[in-house]
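> Count the sequence shown with mature numbering (1 follows the signal peptide of the UniProt record, and there is no 0) and you get residues -21 to -1, 1 to 238, in order.
There's no promise every hint is true.
In silico lysine-lysine, PhoX-like type, Cα no more than 25 angstroms apart, as pairs [as the list claims (entries may be wrong)]:
hint, residue 1, residue 2
1, K203, K214
2, K227, K83
3, K60, K33
4, K83, K60
5, K61, K203
6, K227, K44
7, K170, K125
8, K126, K110
9, K125, K99
10, K174, K227
11, K203, K83
12, K181, K126
13, K223, K44
14, K227, K170
15, K205, K83
16, K61, K199
17, K99, K110
18, K223, K170
19, K95, K110
20, K170, K77
21, K33, K227
22, K61, K77
23, K44, K61
24, K205, K223
25, K110, K174
26, K95, K125
27, K199, K77
28, K77, K125
29, K95, K108
30, K60, K77
31, K44, K83
32, K95, K170
33, K99, K126
It should be emphasised that the hints constitute simulated quantities derived from the structure, not laboratory data.
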Amino acid sequence: MKKLNALFVALGMLTSAHALAQETLRYGLESQYPPFESRNAQGELEGFDIELGKAICQVGHFDCKWVESSFDALIPALQAKKFDAINSAMNITEARAKSIDFTKPIYRIPTMLIVKEGEKLLPTAESLKGKNIGVLQGSIQETYAKKHWEAQGVTVTSYQDQNQVYNDMVAGRLDGTLVMSAAGQSGFLEKPQGKGFAFAGKPVEDDTILGTGIGFGLRKGDDKLKQELDAAITKVQADGTVTKLAAKFFPGIDVSASK
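Given only the sequences and the hints, what does the whole structure look like? Please build it.
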């Protein structure tokens, strides 16, 4: 009888362990884009998307892993199965949806132009003619600037790292940058490096290029993971997690996915 009871206990422990086993979720990201994702002085990943990813893993019962890549290589790396989901402030656009699937929109950030204070520049082709504007390679800001400005006499220079854009602005090699407002605010304007620079005009608009919000990128046909992540996203939106994280990392910016 004792042996039989011991067997039942062992089987129960195995069953419990199996029930608690978590599916591994490998996030792909580009870690040079504060306040969304970056590395701190200790080399640890931090930022809005990092905490958002952890919260979604918690409610979705995933074991989170992180895989780094340059932003313009994220989609090819996802397709090559180097990770399972892109979590790197990637906007849902028609162009990207041709190559990959997306979860439901999680949050939305306006896109704005940053220039030197007093330059009297606006985010229009007419105002920026003859100027040199830096953008992140592979970003929707790059696509927007090339479509709406480049053919009208504006030089659009692409960089693999947004921090390099800021460095060249300070050095006088660029006249401005088109960037997600939260990234520009926390990653540049609020730092000593950004002194003397400011947002210019209102956010630019083009839903076809700039998208309908930011979500996680998924491989085509990965329907099970999409359903699981959508359910987890709905939970962190409903319980106020997304709003609280936004207030922490970019106060004053409305990030609600529905506009």
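> Given the proposed pairing of K95 with K125, does the C-alpha separation stay at or below 25 angstroms?
The given pair, whose Cα atoms are some 21 angstroms apart, holds under the 25 angstroms limit.
> Quickly compare the C-alpha distance for K227 and K170 to 25 angstroms and report which way the hint goes.
At roughly 16 angstroms apart (the allowed maximum being 25 angstroms), K170 and K227 satisfy the hint.
> Is the hinted pair K223 and K44 satisfied, with a Cα-Cα distance of at most 25 angstroms?
holds, 23 angstroms
> Are the Cα positions of K99 and K110 separated by 25 angstroms at most?
holds, 13 angstroms
> Within 25 angstroms, alpha carbon to alpha carbon, are K95 and K170?
holds, 14 angstroms
> With the threshold set at 25 angstroms, check whether the alpha-carbon distance from K99 to K126 stays at or below it.
With Cα atoms ~23 angstroms apart, K99 and K126 stay inside 25 angstroms; holds.
> So if I understand the rule, the pair passes when the alpha-carbon distance is 25 angstroms or less; does K181 with K126 pass?
Measuring from Cα to Cα gives roughly 18 angstroms; hence the hint holds.
> Given the hint that K61 pairs with K199, test it: the Cα-Cα distance must not exceed 25 angstroms.
Within the cut-off at roughly 15 angstroms; holds.
> Between K125 and K99, is the straight-line Cα distance small enough, at 25 angstroms or below?
holds, 21 angstroms
> Holds or violated: are the alpha carbons of K174 and K227 at most 25 angstroms from each other?
Answer holds: K174 to K227 is near 22 angstroms, not above 25 angstroms.
> Please work out if K227 and K83 have their alpha carbons no farther apart than 25 angstroms.
holds, 23 angstroms
> For a C-alpha distance cap of 25 angstroms, please report whether K60 and K33 respect it.
holds, 21 angstroms
The structure fails hints 7, 20 (numbered hints given earlier, in ascending order).
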